[in-house]
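Asker: Sequence:
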Amino acid sequence: MKNLLFAAAVCLSAWAAPAAAQDWKVQEVAGALEHPWALAFLSEGRFLVTERPGRMRVIEADGKLGPPLAGLPQVAAGGQGGLLDLVADSAVARNSTVYFCFSEPGAGGNGTALARARLAADRSRLEDVKVLFRQQPKVASSLHFGCRIVEAADGSLFLTLGERYSRMQDAQKLDNHLGKVVRLDKEGAPARGNPFEGRSGALPEIWSLGHRNPQGAALAPDGRFWIHEHGPQGGDEINLSQAGRNYGWPLATFGENYGGGKIGAGLSAHPGTEPPLHYWVPSIAPSGMAFLTSERYGPAMKGNLFVGSLKFGYLARIELAGAKVLREHKLLEGQGRIRDVRQGPDGLLYVLTDSDKGRLLRLLPP
Numbered sequence: 050m051k052n053l054l055f056a057a058a059v060c061l062s063a064w065a066a067p068a069a070a071q072d073w074k075v076q077e078v079a080g081a082l083e084h085p086w087a088l089a090f091l092s093e094g095r096f097l098v099t100e101r102p103g104r105m106r107v108i109e110a111d112g113k114l115g116p117p118l119a120g121l122p123q124v125a126a127g128g129q130g131g132l133l134d135l136v137a138d139s140a141v142a143r144n145s146t147v148y149f150c151f152s153e154p155g156a157g158g159n160g161t162a163l164a165r166a167r168l169a170a171d172r173s174r175l176e177d178v179k180v181l182f183r184q185q186p187k188v189a190s191s192l193h194f195g196c197r198i199v200e201a202a203d204g205s206l207f208l209t210l211g212e213r214y215s216r217m218q219d220a221q222k223l224d225n226h227l228g229k230v231v232r233l234d235k236e237g238a239p240a241r242g243n244p245f246e247g248r249s250g251a252l253p254e255i256w257s258l259g260h261r262n263p264q265g266a267a268l269a270p271d272g273r274f275w276i277h278e279h280g281p282q283g284g285d286e287i288n289l290s291q292a293g294r295n296y297g298w299p300l301a302t303f304g305e306n307y308g309g310g311k312i313g314a315g316l317s318a319h320p321g322t323e324p325p326l327h328y329w330v331p332s333i334a335p336s337g338m339a340f341l342t343s344e345r346y347g348p349a350m351k352g353n354l355f356v357g358s359l360k361f362g363y364l365a366r367i368e369l370a371g372a373k374v375l376r377e378h379k380l381l382e383g384q385g386r387i388r389d390v391r392q393g394p395d396g397l398l399y400v401l402t403d404s405d406k407g408r409l410l411r412l413l414p415p
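Going from the sequence shown to our numbering is simple: count from 1 and add 49.
Because the hints were derived from the structure by calculation, they are not lab data.
Among the hints, erroneous ones may be present.
[Said to hold, decoys possible] Here are the computed distance ranges between Cβ atoms for each label pair:
| no. | residue 1 | residue 2 | range |
| --- | --- | --- | --- |
| 1 | Glu77 | Ala372 | 32 to 38 Å |
| 2 | Ser249 | Asp171 | 31 to 37 Å |
| 3 | Glu200 | Gly120 | 17 to 23 Å |
| 4 | Asn306 | Ala201 | 34 to 40 Å |
| 5 | Thr342 | Asn144 | 19 to 25 Å |
| 6 | Gly120 | Gly247 | 36 to 42 Å |
| 7 | Gln384 | Ala189 | 33 to 39 Å |
| 8 | Lys179 | Pro414 | 38 to 44 Å |
| 9 | Arg248 | Arg183 | 18 to 24 Å |
| 10 | Ser249 | Asp111 | 54 to 60 Å |
| 11 | Ser249 | Ala189 | 27 to 33 Å |
| 12 | Gly127 | Pro415 | 39 to 45 Å |
| 13 | Lys235 | Asn306 | 37 to 43 Å |
[To be verified] Restricting the straight-line Cα-Cα distance to at most 16 Å, the calculated cross-link-like pairs of lysine to aspartate or glutamate (EDC-like) are:
| no. | residue 1 | residue 2 |
| --- | --- | --- |
| 14 | Lys187 | Asp224 |
| 15 | Lys235 | Asp177 |
| 16 | Lys235 | Asp203 |
| 17 | Lys379 | Glu368 |
| 18 | Lys360 | Glu382 |
| 19 | Lys235 | Asp138 |
Cβ coordinates follow ideal geometry from the N, Cα and C atoms, glycine included.
Start from the sequences and build out the full structure, keeping to the hints where you can.
Answerer: Structure, rendered in structure tokens:
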């Protein structure tokens, strides 16, 4: 049955429809950002943005770019590492709390870490900074940090973790954090009800396993947790990350080794692993992910999934029927590498472009 589902995914996933004939309007909110990675929304129309080299800035509602905030922990910036994802607490208007993840240096190399902090009233610094979680083991690598954060409806935090490239076999083992999604409470402890709680030899914070480098995550309108992840030379995937499930890396993939040659079972599903909901061949290098829940772009767009492409520089609009992909459209071609996409409090979509002169863009209704 798994093989049949996997074959069905092949038929559905390796194409993209042309963009709908709509007059998309793009408004630059701010520029001069150095490799921006993630965006969060503050009160009074302000934004908070991370820059991969290790800076976090406030952008005023009028687009004025603030100086780097003080108070950040040490960041191992280099390669794909640096200051990465950022989310505002669901009660940020009351508690000024944000969560961010970054590549943290330490014994053995570096690893993805999750921290909590409070934005000072004058918006000049982070206060009460606490590292809640550290990926173990640390690895001497500048690749595959994962690092997307999602707050669930119950207040728990999902964090995606890459397998650090050189340690891909560890994605199948439950005694480490490589190639996993973890679910934590807001103090950094394993969230109650995790699938491997109480299992000997398994880390209780693990939610799902068998991931490669998940750089997109979002809650669907029905509350389910979706992620996407980079494949190797093909085989980027969208997955519905469910408790205790194994998503196959490196046992089964639609990608292949760099230079050629299949990995694991190649195109065949491996027993006990989940096929992707959607995949891309060739790779689009996905980053950022958001469901549109507003009707600011018309009722037909509500419920669509949006994913940025780093490789080809476009925003993918994906039409869904439940968890089934129907069609894919390419938007914002020519705007640059899309690193992040979020729906703002105003119901509009915002994207970050990844370059040494990165921009924050607002998509206006046609």
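Asker: Now, for every hint given, state plainly whether the structure supports it.
Answerer: Hint-by-hint comparison with the structure:
no., hint, in the structure
1, Glu77 with Ala372: 32 to 38 Å, "holds (35 Å)"
2, Ser249 with Asp171: 31 to 37 Å, "violated (50 Å)"
3, Glu200 with Gly120: 17 to 23 Å, "holds (22 Å)"
4, Asn306 with Ala201: 34 to 40 Å, "holds (36 Å)"
5, Thr342 with Asn144: 19 to 25 Å, "holds (23 Å)"
6, Gly120 with Gly247: 36 to 42 Å, "holds (37 Å)"
7, Gln384 with Ala189: 33 to 39 Å, "holds (35 Å)"
8, Lys179 with Pro414: 38 to 44 Å, "holds (40 Å)"
9, Arg248 with Arg183: 18 to 24 Å, "holds (21 Å)"
10, Ser249 with Asp111: 54 to 60 Å, "holds (56 Å)"
11, Ser249 with Ala189: 27 to 33 Å, "holds (30 Å)"
12, Gly127 with Pro415: 39 to 45 Å, "holds (41 Å)"
13, Lys235 with Asn306: 37 to 43 Å, "holds (40 Å)"
14, Lys187 with Asp224, "holds (13 Å)"
15, Lys235 with Asp177, "holds (14 Å)"
16, Lys235 with Asp203, "holds (11 Å)"
17, Lys379 with Glu368, "holds (12 Å)"
18, Lys360 with Glu382, "holds (11 Å)"
19, Lys235 with Asp138, "holds (10 Å)"
When each numbered hint is compared with the structure, a violation occurs for hint 2 only.
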